[in-house]
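Using the numbering used here, the first residue of the sequence shown is number 1, and each one after it goes up by one.
It is worth saying that the hints were derived from the structure and are not from the lab. Warning: the hint list may mix true and false statements.
Under the rule of at most 27 Å between Cα atoms (straight-line distance), these lysine-lysine pairs were calculated in the DSSO-like manner [unchecked claim]:
hint, residue 1, residue 2
1, LYS94, LYS203
2, LYS82, LYS116
3, LYS203, LYS112
4, LYS221, LYS94
5, LYS44, LYS221
6, LYS65, LYS112
7, LYS65, LYS125
Distance windows between CB atoms, simulated [as the list claims (entries may be wrong)]:
hint, residue 1, residue 2, range
8, LYS217, GLU66, 14 to 22 Å
9, LYS203, GLY96, 17 to 25 Å
10, VAL95, PRO166, 17 to 25 Å
11, PRO222, ASN187, 17 to 25 Å
12, GLY143, ASP80, 18 to 26 Å
13, SER194, ALA119, 33 to 41 Å
14, LYS217, LYS112, 17 to 25 Å
Note that CB positions come from ideal geometry on N, CA and C, so glycine has one too.
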Amino acid sequence: MLKFLLALALVPLLATTAPAATAVQAEAPSPVPATAPPPVPAPKAETVRVALQTGMGPIILELEKERAPITTANFLRYVDQKRLDGAVFYRATKVGTDGLGLIQGGVRNDPKRVLKPIAHEPTTKTGLSHVEGAISMARAAPGSANGDFFITIGSFPSMDANPTQPGDNLGFAVFGRVVEGMDVVRNILAAPTSPTEGEGVMKGQMLAPTIRIVSAKREAKPAS
Numbered sequence: 001m002l003k004f005l006l007a008l009a010l011v012p013l014l015a016t017t018a019p020a021a022t023a024v025q026a027e028a029p030s031p032v033p034a035t036a037p038p039p040v041p042a043p044k045a046e047t048v049r050v051a052l053q054t055g056m057g058p059i060i061l062e063l064e065k066e067r068a069p070i071t072t073a074n075f076l077r078y079v080d081q082k083r084l085d086g087a088v089f090y091r092a093t094k095v096g097t098d099g100l101g102l103i104q105g106g107v108r109n110d111p112k113r114v115l116k117p118i119a120h121e122p123t124t125k126t127g128l129s130h131v132e133g134a135i136s137m138a139r140a141a142p143g144s145a146n147g148d149f150f151i152t153i154g155s156f157p158s159m160d161a162n163p164t165q166p167g168d169n170l171g172f173a174v175f176g177r178v179v180e181g182m183d184v185v186r187n188i189l190a191a192p193t194s195p196t197e198g199e200g201v202m203k204g205q206m207l208a209p210t211i212r213i214v215s216a217k218r219e220a221k222p223a224s
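My request is simple: use the sequences and hints to build the entire structure.
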């Protein structure tokens, strides 16, 4: 059974103050403001690039190895063990008429490909969000994600964890984003779907035909 996926739901300047002038003193010169030193930029979190070669073209992902270590390590196991080679994008969920939505792909619980589920990393822990081009894990209950993932077209903060909400409020586990190939992602979203395939809310969202993931492999980062 396919994994269920639904969610639509200045640093002030320092200045010295001159002493007050007395009746016999000339007016004191205006002080020169002392500017604060520029802030030291925080080091960028470590990331890993992965190239998905699909039947519609390449998609380059940048995975948050440091900010979402559990989820990224899981995805890299599927990549390094070639478990995603020959897998497919099988779902395209359109939201409204503005070209927004998500595409979903992965191993679809194929016993020859699937690995054990992983612990859930909520966005409240990672600091990530479902922004345009985010890659996130499909799941049923928290801690059930394995080898299925989705990519967002548009921003969907309603898919982030929200402790103020009742019930399952842990959202989905973002672990990276698309850095090249969003045109391919949009083309997959616009691909034909079957009006009858799919269960429950997924009915009518299943790609027909599916889009093959020819290969998935790590890619060297471009020189800065």
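Original post:
Is the gap between the beta carbons of VAL95 and PRO166 within 17 to 25 Å?
Top reply: holds, 23 Å
Original post:
Given the hint that LYS65 pairs with LYS112, does the C-alpha gap stay at or below 27 Å?
Top reply: holds, 26 Å
Subject >> Proposed proximity, LYS203 with LYS94 (alpha carbon, max 27 Å) >> reply: Given pair LYS94, LYS203 holds - Cα atoms ~12 Å apart, limit 27 Å.
Original post:
SER194 and ALA119, beta-carbon distance inside 33 to 41 Å?
Top reply: holds, 34 Å
Original post:
CB of LYS217 to CB of LYS112, is that within 17 to 25 Å?
Top reply: At 19 Å between Cβs, range holds.
Original post:
Under the criterion that the straight-line Cα-Cα distance not exceed 27 Å, is the pair LYS44, LYS221 satisfied?
Top reply: With Cα atoms ~14 Å apart, LYS44 and LYS221 stay inside 27 Å; holds.
Original post:
Does LYS116 lie within 27 Å of LYS82 when you go C-alpha to C-alpha?
Top reply: holds, 16 Å
**OP:** Starting from the range 14 to 22 Å, see whether the pair LYS217 and GLU66 falls in it by beta-carbon distance.
**Re:** holds, 21 Å
Original post:
Is the hinted pair LYS221 and LYS94 satisfied, with a Cα-Cα distance of at most 27 Å?
Top reply: violated, 32 Å
Original post:
Keeping to a limit of 27 Å between CA atoms, is the pair of LYS203 and LYS112 held or broken?
Top reply: holds, 26 Å
Subject >> Cβ distance range 17 to 25 Å for LYS203 and GLY96, holds or violated >> reply: holds, 18 Å
Original post:
Cβ-Cβ distance between GLY143 and ASP80: within 18 to 26 Å?
Top reply: For GLY143 and ASP80 the Cβ distance comes to about 23 Å; the hint holds.
Going down the numbered hints, you'll see the structure goes against just number 4.
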